[in-house]
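2 protein chains.
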Amino acid sequence: MISKLKEILIGPPLPTQELNEKRLNKLRALAAFSPDALSSIAYANQEIYLGLLLIGGVGLQLAWPIGLAISALLAVVALSYYQTLHGYPSGGGSYVVARDNLGRLAGLAAASALLLDYLLTSAVSLTSGVEAIASAIPFLWPYRVVIALFMLLILTLANLRGLKESGTLMALPVYLFLCTYLPMLAYGLLRLFIEGPAAPVTLPAPAQLSAPTWFLVMHAFATGCTALTGIEAISNGVPAFEPPEVKNAGRTLIVMALLMGVLFLGSIGLTQFLGVTAAAPETILSALARRVLGGGPFYLLIQFSTMSILAVAANTSFAGFPRLAAILAADGFLPRQFTGLGDRLVFQNGILALAAGTGLLIILFEGDTHLLIPLFAVGVFLAFTLSQAGMVLHWARLRGTNWLAKSAINGLGALTTLATLFIVGVSKFLEGAWITVFLIPLLVLILSRIHIHYRSVTRQLSLKGLPPSLKPAPPPRVVIPISGVHRGIISAVNYARSISQDVTAVYVALDPEAAQGVSETWQLWWPDVPLVIVPSPYRSIVGPLLEFLDRTDLEHNDGAQATVLLPEFIPANWWQALLHNQTAWLIKTALLYRRRNRGYQQVIIDVPYHLRR
Amino acid sequence: MISKLKEILIGPPLPTQELNEKRLNKLRALAAFSPDALSSIAYANQEIYLGLLLIGGVGLQLAWPIGLAISALLAVVALSYYQTLHGYPSGGGSYVVARDNLGRLAGLAAASALLLDYLLTSAVSLTSGVEAIASAIPFLWPYRVVIALFMLLILTLANLRGLKESGTLMALPVYLFLCTYLPMLAYGLLRLFIEGPAAPVTLPAPAQLSAPTWFLVMHAFATGCTALTGIEAISNGVPAFEPPEVKNAGRTLIVMALLMGVLFLGSIGLTQFLGVTAAAPETILSALARRVLGGGPFYLLIQFSTMSILAVAANTSFAGFPRLAAILAADGFLPRQFTGLGDRLVFQNGILALAAGTGLLIILFEGDTHLLIPLFAVGVFLAFTLSQAGMVLHWARLRGTNWLAKSAINGLGALTTLATLFIVGVSKFLEGAWITVFLIPLLVLILSRIHIHYRSVTRQLSLKGLPPSLKPAPPPRVVIPISGVHRGIISAVNYARSISQDVTAVYVALDPEAAQGVSETWQLWWPDVPLVIVPSPYRSIVGPLLEFLDRTDLEHNDGAQATVLLPEFIPANWWQALLHNQTAWLIKTALLYRRRNRGYQQVIIDVPYHLRR
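Chains as they are written, first to last, in numbering that gives the first Met the number 0: chain C, 0 to 612; chain P, 0 to 612.
These aren't lab readings, by the way, just hints derived from the structure by calculation. Honestly, I wouldn't trust all of these hints.
For chains that are exact copies, the list does not tell them apart, and a pair is met inside one copy or across any two.
[Claimed, not checked] Restricting the straight-line Cα-Cα distance to at most 25 Å, the calculated cross-link-like pairs of lysine to aspartate or glutamate (DMTMM-like) are:
id: 1; residue 1: Lys587; residue 2: Glu567
id: 2; residue 1: Lys587; residue 2: Glu554
id: 3; residue 1: Lys3; residue 2: Glu546
id: 4; residue 1: Lys587; residue 2: Glu546
id: 5; residue 1: Lys587; residue 2: Glu6
id: 6; residue 1: Lys25; residue 2: Glu244
id: 7; residue 1: Lys3; residue 2: Asp501
id: 8; residue 1: Lys5; residue 2: Glu430
id: 9; residue 1: Lys587; residue 2: Glu519
id: 10; residue 1: Lys246; residue 2: Glu554
id: 11; residue 1: Lys463; residue 2: Glu512
id: 12; residue 1: Lys246; residue 2: Asp367
id: 13; residue 1: Lys246; residue 2: Glu546
id: 14; residue 1: Lys463; residue 2: Asp330
id: 15; residue 1: Lys587; residue 2: Asp510
id: 16; residue 1: Lys246; residue 2: Glu365
id: 17; residue 1: Lys463; residue 2: Asp552
id: 18; residue 1: Lys3; residue 2: Asp549
id: 19; residue 1: Lys5; residue 2: Glu546
id: 20; residue 1: Lys25; residue 2: Glu194
Work out the full structure: start from the sequences and follow the hints.
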C-alpha cells in the first residue's frame, strides 16, 4: 500500500541507464542558473529598506549610495567567478576549489557554508515568495507559514519525481519575471522623468536610534549584500552548457550579472526617487509596483511573477544541495546514503534532508524572511571568500598566461568578499549571524568525524594480511529460549535439530508452578532434548537468560558462543504486535550488545511462526 | 547508562517474594481511601459558583439549595455503597460487580468508564491543586500547565518507585486538610453567627442569559455532582482493612460520607451567606478562605493543604488505574503487558500509561479544571449506575435476609445516579461530555477486539490434535547475501558451512564493474562456494534478492525455503549506525513479511561482525 502511494506521488522507478544530462543552450542555461541570483532583489531591497527605516526618513536617502556600493561589489564578484569558470571548466563549486587549492579544512568550511546556504536559500526564497503574493492578497498574510510549507511540499514531491532544473517549466517563471520587471522599471523611469523626483520622504526620526548611525548604515549594507546570492551558480555548472562550454558559460554569466545590476539598481533607485514607502503587510517591492502600475492586473502580474521566480529559486537549492551532499558523501564526509540514486534517479535522501531542514527553518522563524536573513549572508560570503582565495593560489600554481593579472582579480574578489563577510558577521552577529558562525565549525567537525569513521571501517574490514583459507567451524551448540510449549515452537525445535546435535531449551520461570507444567509437557513432546528451567526472582526474562548463556558458554571450552535460536511469532496485523510482550525483540537487542569486547560473536537464528489472524 | 539512571530515579529491583500488603486500621484506611472524595469540594464548589454566575447575582442564591440536593444524593450513594461492601467483601469494584451481575458488556462499559475516570481524576486533581496554590501566589497562575506537569512527574516517579498509598506520607495531607478546613468552617460559622449574614450579592444580571434559567440551574447541579467522585473507593478496597474487614470498612465509609457532607455544605453555605465572590485568578474556595481568615499565614496554610490533598487525590488514580488495567489484562481485555510487575513490584506499564494520558489531558485542556470537568462526571455516574444496578440483581439472586430491602436501597441508588447521569450527560453534552459519551463505547469496542485476538491466538497456538512427534527436517539450504568480500563475511561463510553442505552466496550488482571485482576476489577465497551475481537495473537491493530467493525456492522441490544468513556489521557506537545503509535491516523486514500465506517459513540467521571503533 505504501509503495502504491509512493508510485502515485513520485512515479514508477526508472532504470539506471536513463541517467544522462542534456546540454543547455545559453537561453535555457540562463533560466536554469539565474533564478536564485535574479530573485535576490526581492529580499535584498526589503532588507535595505527595513534597515534604513531604523534611521528614519533621512536614512532612506542612503538607499541609492548603498545600492551603488553593492553593485560595485557585484561587478567584482562576477568578474572573479568569470575567471573561476575559466579555471575550472569541469564545474568549480566552492567546495572543490577550496579543497583542491587550500586543503581539506578550507574545503570542509566551504562545504559547510554551502550546505547551510542551500538550506537558507530555499527557506528565504519560499518565505519571500509568499510575502510577495501576500502583499497583493493581504488576507493570506497570517497564513504565511502554512503556505510556505505547502509550496515546500510541492517542490519536494516534484524533485523526488525527478524534475529537471533545465525543464521548460522552470524557464517560464524566469522569463516571465524578466519580461514584467524590466518593462515596469522602464515605465517607472519614464514616469520619474515626466513627473520629476518626489520630495524626499519625511518620516519622524526615531526618538532614540537603536545604534550609532554609521553602524545602522553598515548594517543596511550588510543585509543588502544578500542581493549577490546565487551569482556563483553558473561557474558550478559549466559542464551543463553546450560546447564551447566555457565561452557560453562566460557570456551567460556576464548577461546575468548585468541583469542583476539593472534590476537591483533600477528598483532601489525608483523606490527612493519616487518616494515609495511600505508598511507590513506589504513588501517594499510590492509598494513600488503598486506606485508605478496602480493596484490593477499589471500589479498582480508583477507580484505573481515575483513569487514564481522565488519558488524556482528555492528549487535551485533542490538541485544543488543533494548534488553537493552526494559529492561529500562519495568523499566520505557525509553518510553514504546521500550517494544513493533513488527509484527516480535523483538523490532522494539529499532532497528529503533539504526539505526537512527547510521546513524546520520556516517553522522556527515563523515564515519571516526578515528573521532568516541575518543567518544567510555569512555562509554565502564565507564560500565566496574561500573560493576566490583558492583561485588566487590556483593561478599562482599553474603560472599560465597572465597568471598575475588573474590572481590579482581573484585576489581583489577575495579581499572584497572577506571585508563584506566581516561587516556582515559583525553587524548582524546578535541578530542571528552567531547561529551560522557557530554552526559552520560544528558542521566541519561533524564532517571530519564521519570521515574518520569511514576510514576506520575500511581498515577494519580489509582482508589484507589474512590467510585466504580459514579452518572450518564446528557445528554450533544451539540454545532455544521458550515461552511455553505451544505450536509456535515446534518448527523451531525441528530446525535446531536439523543443524545441530547439541540442542538445549531454556525456560525462564517467573512463576515456579507454571514452570512445572511446562517441564512436564516438554517431556511428552521432546524427551530427547534437554530443557533447563532458570528461576527469575526479579521477574526479568532477559537477565537470567544472559546469565545462563554466560555460564554455559564458560563450561564449554571450545571458545565458541552458543547460537541462540528464537521462536518468534508474527501477528497477522501490525496492531496486534502491541498486544504481545516483545520478548524476542528484547532478547535480540540484548544479545547484539552482549560481550562485544571479547571477540566472540553471537549468532542469532529467527524461526518465525505466522499467526493467521 | 540508562539502567544506572533508572536505578537512581526509581531504585534497585525488588524480588517477587517481597510482594504483600499491610492491613490498615480505620484511621490509616480513611487517609488512604478518602483523598479523592474529600478533595472533590475544591472543584465542585468552583463549578457550582461558575455555573450560577451565568444567571447573575440572583443565581448565586441558589447555591445552598443545590448544595442540599447534592448532599441528599451523597447520602443515597453512600448508603448504596455501604451495601455493596457488605455484598462484596473481597472488593467490589464497579467492573467486577457489573461483570458478575449484568454480564460482560456492562462490565466492559463500567471498566471503560472507570479507566477514563481515573485518568480524569488525576488530571482534574492536579490542575485544581495548582489552581489552589496559584490563587494564593498569583504570579504562578500563567504557569499552571508547567506546574501541573511537574507535579505529575513527581507523582509518576514516586509511584514507579513503589510508593504505598497506605504510607504515612500519604496520610499527612488528608489529616492536615481536615485539621485546617474543619476549624476554618467552624470559625466562619462563628463569624457568620456574630456578624449576621451578608446582604445577597448584587451583580448585574447578564444582558442575555446563555440558556433558559432552568437549564442553567440543572447545569450547575450537574457540575456540582463531581463532589461525589471518589465515594466508591472504600467499597473497592475492603480486603485492605484490618479484621473485621467489613465492619471496619463500613464504619470508615460512614465517617467519610459525613465528612464529605460537612465540608461540602459548610463551604457552600458559608460562601453564600458571607456573600463571597471571586474572579480569576482565584478560586471561590480561596476567596472564602481569604474572607474568613484574611490573607495571612492561616489563609496560606489552607491553600497549601488544599493543594496537598488534591495531589494525594491524584495519587489514588495511580493506585487504582494500574490495578484495574492489570485485572482487565489478566482477563484478556487489555494488552498483557499491563499484568507485568516491574522491577519495583508495581504495575509500571499501567503507571506510565496513566501518566502519559494525564499529561496529554493537562496539555490539551491547558491545565484548566473548568474545561476538564464536563468530561468527568459522565463516567463517574455511569460506573455508579452500573455498579448499583448490579447490586440489585446480586441481592435478588442471593435472596438472603432482607434481600428485598437491600435491593430497594441499591435500586434507589441506581435510579438516582441514572437520573443524575442523564442530567449531566444532557446539560454538559456540548461542553465536552460528548467526548466521554463517544470514548466509552469506543473503549468497549477496543477491549472486546483485544479479547477476540487473545482467544484466537490461544486457539492457534494450541497443541491439541497434533501428533506428539514430527518428522525431523532436512538440513537447510543456506543463502548468504553479501555486500562485497571483506572481513565481515568470513565468519558468516564459516558458520554457514558448519550447518549445511548447501551454501550459496548472492551479490546484488548495482554496478556491473564492481560485480566483476567481487566475483574475482570471491574465487580466491571460497572457490568451493558458488557466488551468484544478480543484476539490479533499478538500483534496489531488496527486490532482486527476493526474486532470486523465490526463483531458487521454486527450483528446489523439497518444499522448504532457503535459510537466509545475513552477515551484519555492528558499529561500535549508536550514531555510527546512521552512517551505514541499513540493508541488513531492510532485508530482514522484507523477509519477515514474505510469502506469509503459503505456509512456508523464512528462517533468518544473523551473524554479527562487531566493529571495534
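Cross-check of the supplied hints:
1. Lys587 with Glu567: Classified as both; 11 Å inside a copy, 13 Å across copies.
2. Lys587 with Glu554: For lysine 587 and glutamate 554, only the intra-copy Cα distance (23 Å) is at most 25 Å; the inter-copy one is 33 Å.
3. Lys3 with Glu546: Close across copies (19 Å), not inside one copy (46 Å); limit 25 Å.
4. Lys587 with Glu546: within (15 Å within a copy, 28 Å between copies)
5. Lys587 with Glu6: Close across copies (23 Å), not inside one copy (34 Å); limit 25 Å.
6. Lys25 with Glu244: Within one copy only: 10 Å inside a chain, 95 Å across chains, cut-off 25 Å.
7. Lys3 with Asp501: So lysine 3 and aspartate 501 fail the 25 Å test inside a copy (46 Å) and across (37 Å) alike.
8. Lys5 with Glu430: Cα proximity of lysine 5 and glutamate 430: none, with 41 Å in one copy and 41 Å across.
9. Lys587 with Glu519: neither (28 Å within a copy, 35 Å between copies)
10. Lys246 with Glu554: For lysine 246 and glutamate 554, the Cα distance exceeds 25 Å both inside one copy (77 Å) and across copies (61 Å).
11. Lys463 with Glu512: between (56 Å within a copy, 21 Å between copies)
12. Lys246 with Asp367: neither (40 Å within a copy, 70 Å between copies)
13. Lys246 with Glu546: Neither: 73 Å inside a copy, 50 Å across copies.
14. Lys463 with Asp330: within (22 Å within a copy, 61 Å between copies)
15. Lys587 with Asp510: For lysine 587 and aspartate 510, only the intra-copy Cα distance (23 Å) is at most 25 Å; the inter-copy one is 34 Å.
16. Lys246 with Glu365: For lysine 246 and glutamate 365, the Cα distance exceeds 25 Å both inside one copy (43 Å) and across copies (65 Å).
17. Lys463 with Asp552: Neither way: lysine 463 and aspartate 552 sit 31 Å apart in one copy and 36 Å across, limit 25 Å.
18. Lys3 with Asp549: Cα proximity of lysine 3 and aspartate 549: across copies only (22 Å, versus 47 Å in one copy).
19. Lys5 with Glu546: between (46 Å within a copy, 21 Å between copies)
20. Lys25 with Glu194: Answer is neither; intra-copy 39 Å and inter-copy 97 Å both fail.
Of the hints listed earlier, those the structure fails to meet are numbers 7, 8, 9, 10, 12, 13, 16, 17 and 20, in rising order.
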